[in-house]
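For the record, the sequence lines run as chains A and B. Position 76, counted from 1, in the first sequence is what UniProt numbering calls 76; the numbers after and before it change by one each time, with no gaps. Position 106, counted from 1, in the second sequence is what UniProt numbering calls 106; the numbers after and before it change by one each time, with no gaps.
There may be inaccurate statements among the hints.
[Unchecked claim] Simulated restraints, written as ranges between beta carbons of each label pair:
hint: 1; chain 1: A; residue 1: Thr50; chain 2: B; residue 2: Glu468; range: 33 to 39 Å
hint: 2; chain 1: B; residue 1: Ser14; chain 2: A; residue 2: Asn42; range: 21 to 27 Å
hint: 3; chain 1: B; residue 1: Val132; chain 2: A; residue 2: Lys302; range: 29 to 35 Å
hint: 4; chain 1: B; residue 1: Lys633; chain 2: A; residue 2: Ser233; range: 55 to 61 Å
hint: 5; chain 1: B; residue 1: Glu468; chain 2: A; residue 2: Pro267; range: 38 to 44 Å
hint: 6; chain 1: B; residue 1: Glu121; chain 2: A; residue 2: Thr266; range: 47 to 53 Å
hint: 7; chain 1: A; residue 1: Thr266; chain 2: B; residue 2: Gly535; range: 56 to 62 Å
[As the list claims (entries may be wrong)] Taking lysine to aspartate or glutamate and the EDC-like style, the derived pairs with C-alpha atoms no more than 20 Å apart in a straight line are:
hint: 8; chain 1: B; residue 1: Lys32; chain 2: A; residue 2: Asp40
hint: 9; chain 1: B; residue 1: Lys632; chain 2: A; residue 2: Asp150
hint: 10; chain 1: A; residue 1: Lys310; chain 2: B; residue 2: Glu10
hint: 11; chain 1: B; residue 1: Lys91; chain 2: B; residue 2: Glu431
hint: 12; chain 1: B; residue 1: Lys485; chain 2: A; residue 2: Glu87
hint: 13; chain 1: A; residue 1: Lys44; chain 2: B; residue 2: Asp63
hint: 14; chain 1: A; residue 1: Lys316; chain 2: B; residue 2: Glu7
hint: 15; chain 1: B; residue 1: Lys454; chain 2: A; residue 2: Asp21
hint: 16; chain 1: B; residue 1: Lys32; chain 2: A; residue 2: Glu46
hint: 17; chain 1: A; residue 1: Lys44; chain 2: B; residue 2: Asp69
hint: 18; chain 1: B; residue 1: Lys485; chain 2: A; residue 2: Glu88
hint: 19; chain 1: A; residue 1: Lys44; chain 2: A; residue 2: Asp21
hint: 20; chain 1: A; residue 1: Lys44; chain 2: B; residue 2: Glu423
hint: 21; chain 1: A; residue 1: Lys202; chain 2: A; residue 2: Asp158
hint: 22; chain 1: B; residue 1: Lys450; chain 2: A; residue 2: Asp43
hint: 23; chain 1: A; residue 1: Lys242; chain 2: B; residue 2: Asp46
hint: 24; chain 1: A; residue 1: Lys12; chain 2: B; residue 2: Asp57
hint: 25; chain 1: B; residue 1: Lys191; chain 2: B; residue 2: Glu204
hint: 26; chain 1: A; residue 1: Lys302; chain 2: B; residue 2: Glu414
hint: 27; chain 1: B; residue 1: Lys371; chain 2: A; residue 2: Asp307
hint: 28; chain 1: B; residue 1: Lys458; chain 2: A; residue 2: Asp43
hint: 29; chain 1: B; residue 1: Lys613; chain 2: B; residue 2: Glu595
hint: 30; chain 1: B; residue 1: Lys454; chain 2: A; residue 2: Glu88
hint: 31; chain 1: B; residue 1: Lys485; chain 2: A; residue 2: Asp21
hint: 32; chain 1: A; residue 1: Lys308; chain 2: B; residue 2: Glu414
hint: 33; chain 1: B; residue 1: Lys179; chain 2: B; residue 2: Asp355
hint: 34; chain 1: A; residue 1: Lys316; chain 2: B; residue 2: Glu10
hint: 35; chain 1: B; residue 1: Lys321; chain 2: B; residue 2: Asp176
hint: 36; chain 1: A; residue 1: Lys310; chain 2: B; residue 2: Glu414
Simulated from the structure, these hints should not be mistaken for lab results. Given the structure is predicted, the values throughout are model-derived calculations rather than measurements. Glycine residues also receive a C-beta, built at the ideal position from the N, C-alpha and C atoms.
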Amino acid sequence: MYVARSISADHKDLIHDVAFDFYGRRMATCSSDHSVQVWDINDKGEWHCTASWKTHSGSVWRVTWAHPEFGQVLASCSYDRMAAIWEEVVSYMVPNNHLMIILQTKRATLVDSRTSVTDVKFSPRFLGLKLATCSADGNVRIYEAPDLTDLTTWEIQDQIMTKMSCSCLSWNPSRLNPATIAVGSDDANPSAGGKVQIYEHKVNERKWVRSNMLMSITEAVHDIAYAPNLGRSYDVLAIATKDVVIMRFDKKDPSMIGSATSTRNTPVQLDHQGAQVWQISWNITGTILAASSDDGVVRLWKANYLDKWKCIQVLKGDGSSVSTMLVQPKDPPATNKGSSLPETSVDAGFMSSSPKFSSFFSSTSAWLGSSPLSRQGRHNSVPVTPATSHVTSGFHIPLK
Amino acid sequence: MAAHRREVPEFSVSCPGSSEWYLSSRWGQGLKLSVFAGNGKRRYLDGHADTPVVLADHPAIHDIRWQTDMHHAATRKLAAQSHEIFTSLQKHTSDSTEGTRKPQLVKFSRRYRVAMMECIEDLRKAASDSLVDEATQEECDSMCQLFQQLELIWNLCEILFIETLPGGVVLQHLLDWVKLHFTEADSLAAKVIEASDDEIQVNEEYWSAVYIYVLQGRLPEARHLLSLHPDKQKDVHGAYGKIDELMRRMPVFGAFSRQTLAEFDLKWRNWQELCQQLLKEGVFVSYQRLENICRILAGQQDVLEQFQHLVGDWYQLMVTKLLYTNPMVKTMDLQYHAKSCMDVFRGSSRLLALDQILFAALEFDITQIIKISSATLSNWWFVAHMADLLHHAGQLESQQLDYGATMREFLLLEYASTLMAEESMWQIVIEYLDHCPVFGRHHLELFVEKIPLKSERKAYKLLKVCEERNMDDQAQSLCKVMGMKALQEERLGTALTWCLKSQDASFASFLAEKFLTEYSLKGNFSNLDLIDNLGSSMLVSDRLTFLAKYRDFHRLYEQGEFSEAASLLLSLLEANLAPKQFLLILLTDALPLLELDTIVFSSKQTSQLLMCKEALLKWYKSEEYTREILPKKSKGHIELEKEKLELLQLGLSRNLSRALLEESVRN
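Looking at chain B on its own, in the form it has when it is part of the complex (with noise of 0.2 Å):
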């Protein structure tokens, strides 16, 4: 449609050399662009790849960023409730009946304007603090006045799709609707009231205030403020007895009272008939305000444009001249009406984004409103919620659109992220995702791999997200990530801890070896808790496996159990499991126990640690020894192995001769 077509908005960045070198940009998390100025392939192509260029300043790097809204202080707790209300919504529609489905969602409906209410109210206090400087102020403010006019929106498109009154007689919703938003008259009121001591003045304010509550159908008050009238007392021509009296009889239309349409519209020609001829019979002829308040009454059109700079704007005074001439309107006839009062108020000038929007409301035309409303209002909040509502309501499928859910999703989508740029939000972003059916899950796996891991609980939280919705592979990624943390902060044990969740094989016998290497430095273990509760998951790999076996020995051998322990030795020792550097190490730890008083290696048992040691001397002599590990050891480590070759020699013998003897004794 030719009347949204808009033009692209423009943004300048003041950027030096962005004339010479262009601007370049680049995208952070959520919508955030780096901008600089520099193109490195334009000056290489040139010619002047390595020409070094002098600058004046350094060059500047500048964050951007747009659709901040829903990231300032009072409009993150809108973000928060609004997210409560929203999950509440898409669990409870799912579970209730066609019956009790509308009163809830007009529910709904009013909590997320309660939620909106609040939030103005904070940005009002926000754009008056003196403690915050003025841009800060002045952004509250201009935020605060677009709210207020979501809200507007909002209660309307309540009105007219959520509440959806039996019969369409929808006149009385639009009175309470322009009551609440155009206070106006309130504040005038109490300004007179409360200026007034005995006696009330009656100024230009007071009779703007009685003109503004007829025109907006609030009789009652009018009726109260015309009784503080001091000529009220000495009423010598019963005029303003008979004013209060006409507007005391005023017929009212409730939706859900007895009365047909046709007793109320014959109630309502009466009584406006006798609005008529007592202007007839002249009775207010001297009291010109009274004359211009039965004028009204009697819905006369000539007044209401003497008045129109209290009615408002056009939307207001539709809904005073539908009171006074076509009280029993239907919500259907509504844009026929919109159309002439917003001839009388905007004639030939540009419709602003707010009167398009409600006139597409008026309109019904759904698909309208949000177009209009994601295309000028800056502001994902709205049209995103709105939608959602709007499709458990049932309405946009009405609209015949195949891409009624889409739309909801597209929008839900481009609320999600606004809200990524704000690191705080994750856990809401990923709820909105989850309830977008098609695309959702998508977004979800790039957005959930890239939320910041800052600490080991914000980790478990997000591992806990993954695997609530079977997100194995991101799962997998976010433990590798934190386990790689871990072993750069050399934090060992927790590092296994994430290895082991990730079940990274490769990752387990790195850490493993970190483990031995760490042992054969130090001569005991660190996180032994750890390495002693590994149970099956030992079986990640190999190394580990060695690592936990090697550990239950140091605990067998603790605890005195000797013949255990020495099994358990022996059986490590045979399995290959061990790094071939570590294999000394083992056969030391053999030694302490051929050197106790009872024999805890059998004869059979001894020689096979020779033959273990054996294929160590084997495995020295190797070219691989020799070439690359030989070349590493010290003299004196050398010196030191080769003693302890010996003694293990020494005392394997002993033991065996022992051994043997026992044995031969016992048989």
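One chain only, chain A, in its complex shape (with noise of 0.2 Å):
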């Protein structure tokens, strides 16, 4: 194992997510710096920086690219309370020069959620082009572009309310089921009940269903993905909670977790020593799982031919650190843990060293009164209340 090359990102603060495009030739990177950027291989296996650009007015938590048959089509997701679909625009400027110009156009930006959105992920291929996103206010949305051809459109084709602090989500990528999504929930009460719901969609009744609750999953879970299709029986899902644990689920009855007879199909619990899991990556054969803990480890997991779990290779961090700091604000920040948004300004130059902060209690009219193209009254609003809750949602995007 070794470094082939580091690359410096451009980002002015931490990187959040890293997503490679279907082919592992492109990357795209989000960071706290309110920006996205996309990176391109050349042949000589360099990564240049092709694109960045500023995508939200907060932290970008994750950044994810749609099946090439799209386009090159990104979607990301921020704790301003948005997700945005963006559309890659190349320009040829001098036709004999192969000079190109390479922008993002943004499509889309879904401002259903009144919280900060955790997750946004695309359907597999065969479902067309969906997207799902999950906030931490417990609304999982699936969006659908209804015109291939046209990105500005995307309507919501349902709205799933799962009653939990949502942080992450995953498509099942297996054609046999139906459309199949499963949910975690990073809500620290283990009395709370199962931290992971899987949702159906019921063609016949047009809507979501939920089809299972993990209830043997109480801890707070921070990442989940299905692992590829290889033409098992059953789906595999990784859940990153307290270590990872490692579900499988009949092909036929998904709401069956293994059966009596089988001792194969017990979950799997692979161990971090107890330290909470953060983010998980299967490999593209699904053979290989890369997980993040808490312990600043990354364990690769391999089950072997007779389906063993192993861990084949410890990364660690040489423990050096950087001097990073906390610009502390100069007003006293918001008491509720995570829910103080930035005002406007920050927009311009979020590096700004005194970042002002809202109050929580601000004014949550100013912006439910406004257009939908006059969204700035957003920023100044903290609408996590539950006393904001009923409002209902969303302007921009016709609902069906």
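Two chains, each in its own frame: build the complex with the hints.
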């Protein structure tokens, strides 16, 4: 194992997510500096940043690529309560010189969420161009682009109330099942029930219905990922909680977790010594799982031909720290965790040394009446309180 | 087994900030991970979701890889060559009978070894290449050593499992094995001979060479070297002559010679008795060196201990011992001898991976060989090809493992996945996956989709791969991706070609519309040859059918076949295939036909045209038009349209009167 190369990203803050495109030849990064960068690899294997733009007015949590059948399309989600869809527009400036300018054009903003959007994922390609988002207030939304040649229109196919704070979601890549999504919750209260729910799309009823809740997962879940489908008779779901849990679901009856007759179907616990696992990722054939945990270590897990899981490699940071510091706001930040949003002024230069934070109880009415086009008002508001949660959502996207 | 419990290897990434923000990782293609410091979720839960962090340096992403053994120039060649051998092996064994199978397998095994040796040679060259940097040189050097070990193991496995001699008398092959891999004596001898002018220099090196030759059982070489000794000429006591005679007469058992084991045994005993006798007689008393040789020949153990430094390693010691004490040893007894020799060399110290693998081979424990090799050698090439070869030799199954075939497939899949990260090897990966009966297909489906489509040519090649394997879904997806890519680069013709392959109706309609828009803006079509030759594929979508037919109309008109053109135009108008905005263009196309000297539209047809025109006017008044389309049109454009309509009205009425007149005359 060796470091083939290190890329210095031009982000001004920590990177939260790195997403490879379908072919692994493009890479998108997103950061707390509100921006997304796209990197392309050349034939020498060097990465070059080909686009960098401001996407949100808050930390960008996740970025993800759509299948190339739909063009070069990216989605991002952020603390600013929005998810956005971007499409690459290539313009050839001087045709003979092959001088190429790549522009990322915002195609749509999905503004239905009233809290931080924690995860965003495109569906497997055979379901068409669909996008699922989940937010801290427990809503999972499934959007669909009805016209693939015009990505400015996205319709909400369904909105699921999970009644738990959602942190992550994953589409089942298997074609045999109806469309299925697993959603994880980072609710820290172990007695609040299972932290993973599985939803299935009922075509006849035209809605998403909960098919399963994993009661055995009681600790907070921070990432969740179905393994790429390998023609198995079961689906494999990896759950990042305290340790990693690998679950198997019978394809014929997804609510069945294993069966009494076979020990192969019992959940497998991948030992991270009880540390909180934050993030997991499967390789393309779904044979190795990379999981990073609280102890600062990335572990690679692999099942051998007898289907026993083994840790095959440990990746450690060298423990070096950089002179990072949290910039303390002058005004005391809001007492409620994760609920304060920056003002619009932060948009202009997020590095400004004294970002102001709005008070928690500032008016929510400022944006309720505003037109879809002038959304500046939203930045001042903090619509997370239960009192405001009854407000009907979304003015951009027509509900079907 | 406790001996093979190993610690999980650790790798340290120099990643600033990893202590505060942990490491995160994402998979790339193949065995590639991107590792970076940062964890948004945790920050969010800490309540610092949007509190900026000032970094002293830009955050870094580390591209981490492993198992890249086969990505080097020299090993890539090995990958390509072994792939060829592998595929022909799969074909061959399926159509050969039991009798011819074994010699063929031996041939395949040798071909693999030839490829390995070539690779070792290339690596050796690369390791001493002054043009490359030191790190690469070191890497090549260590890979060179690895492959030398692998070749050593392979050769032993070939002797024990593939060649499987009749009667199990294996010594001759083991001697060849040692001779092939440990050539120290040859280089010593060459050095001695080169350094001497007329008379040979008798020094330590000279004797070392002679001893090693004797220890390895290479008596002709030893005799040759001894004959060069200056004392040989004035051999007063005849000692040199006697030892030469002894060595010459040593019986050798050939597996395919006619003598029986019993005959050989008798000869052997006689010969060794002679050795003992000469020693007893004290023939070599004043020739210490020659006496040593004779003692080796007589099979005396203590002398071997004295020459331990010349023997090499335990496996060489084993072969020497067997040669002079037990030349008819059966393969089944090897493990016993191996154990005792290993004790001499290793004692209580830890066994190396190579020791364990060789010992497992001598124990005939194939599963163990593969287990240890895959755990310690970090090279899937060896185990994958070895397991496949053993599978074809029927050895994996004879181990009575119900997962024998599964193991072979597992290893082949592992090997294939180490190649996936190297883009240029995609064809090789596909062929390996083809030969994995259980999971290969599914891996293939996932892999094929992920091969970057860098050029049209590569895309066509991949399409063929998909079609040959009936992977319709992947083929269709590939065409859609290529179509979308061409569209983004504004190559409409290419986009349409790919679209037709994927039979994607909505995309075809979208493209057809693009062509029509292009026509209404520029007044001509691009990609004429494509549109003219659509054939039955035009039926993919209505819009595309319209496009093709409309182009037909143009052609008929150009060829002067006006009446056919006219009826085609009319049927296009009536079939309602055209987009509404295109109706006016169609009607305007009728104008020149109306102005011809001869009448091409009959009175009936003219009234149909009139009806179409009325329908268009009606649409112009519809809400849909006034709301959505009218605001987009410029004033000049609307004027122009109005003018066209008036001209049309005039032309139509004039034609109607002419047609009526002519029709009445004819009747």
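Given hint Asp355(B) paired with Lys179(B) - CA-CA distance at most 20 Å = holds, 19 Å
Are the Cα positions of Lys44(A) and Asp21(A) separated by 20 Å at most?
-> Holds: Lys44(A) and Asp21(A) sit about 18 Å apart, inside 20 Å.
Restraint check for Lys12(A) with Asp57(B), where alpha carbons must lie at most 20 Å apart = At roughly 8 Å apart (the allowed maximum being 20 Å), Asp57(B) and Lys12(A) satisfy the hint.
Within 20 Å, alpha carbon to alpha carbon, are Lys91(B) and Glu431(B)?
-> Within the cut-off at roughly 12 Å; holds.
Between Lys454(B) and Asp21(A), is the straight-line Cα distance small enough, at 20 Å or below?
-> Measuring from Cα to Cα gives roughly 14 Å; hence the hint holds.
Regarding the pair Lys321(B) and Asp176(B), is the alpha-carbon distance no greater than 20 Å?
-> holds, 15 Å
20 Å Cα cutoff - pair Lys44(A), Asp69(B) | Status holds; Cα separation ~18 Å.
Between Lys202(A) and Asp158(A), is the straight-line Cα distance small enough, at 20 Å or below?
-> holds, 11 Å
Starting from the hint 55 to 61 Å, judge whether the C-beta atoms of Lys633(B) and Ser233(A) obey it.
-> holds, 59 Å
Keeping to a limit of 20 Å between CA atoms, is the pair of Lys44(A) and Asp63(B) held or broken?
-> holds, 14 Å
For the pair supplied as a hint, Lys308(A) and Glu414(B), is the alpha-carbon distance within the 20 Å limit?
-> Given pair Lys308(A), Glu414(B) holds - Cα atoms ~16 Å apart, limit 20 Å.
So the hint says 47 to 53 Å: do the beta-carbon atoms of Glu121(B) and Thr266(A) match that?
-> holds, 52 Å
Violated hints are absent here; each numbered hint is respected by the structure.
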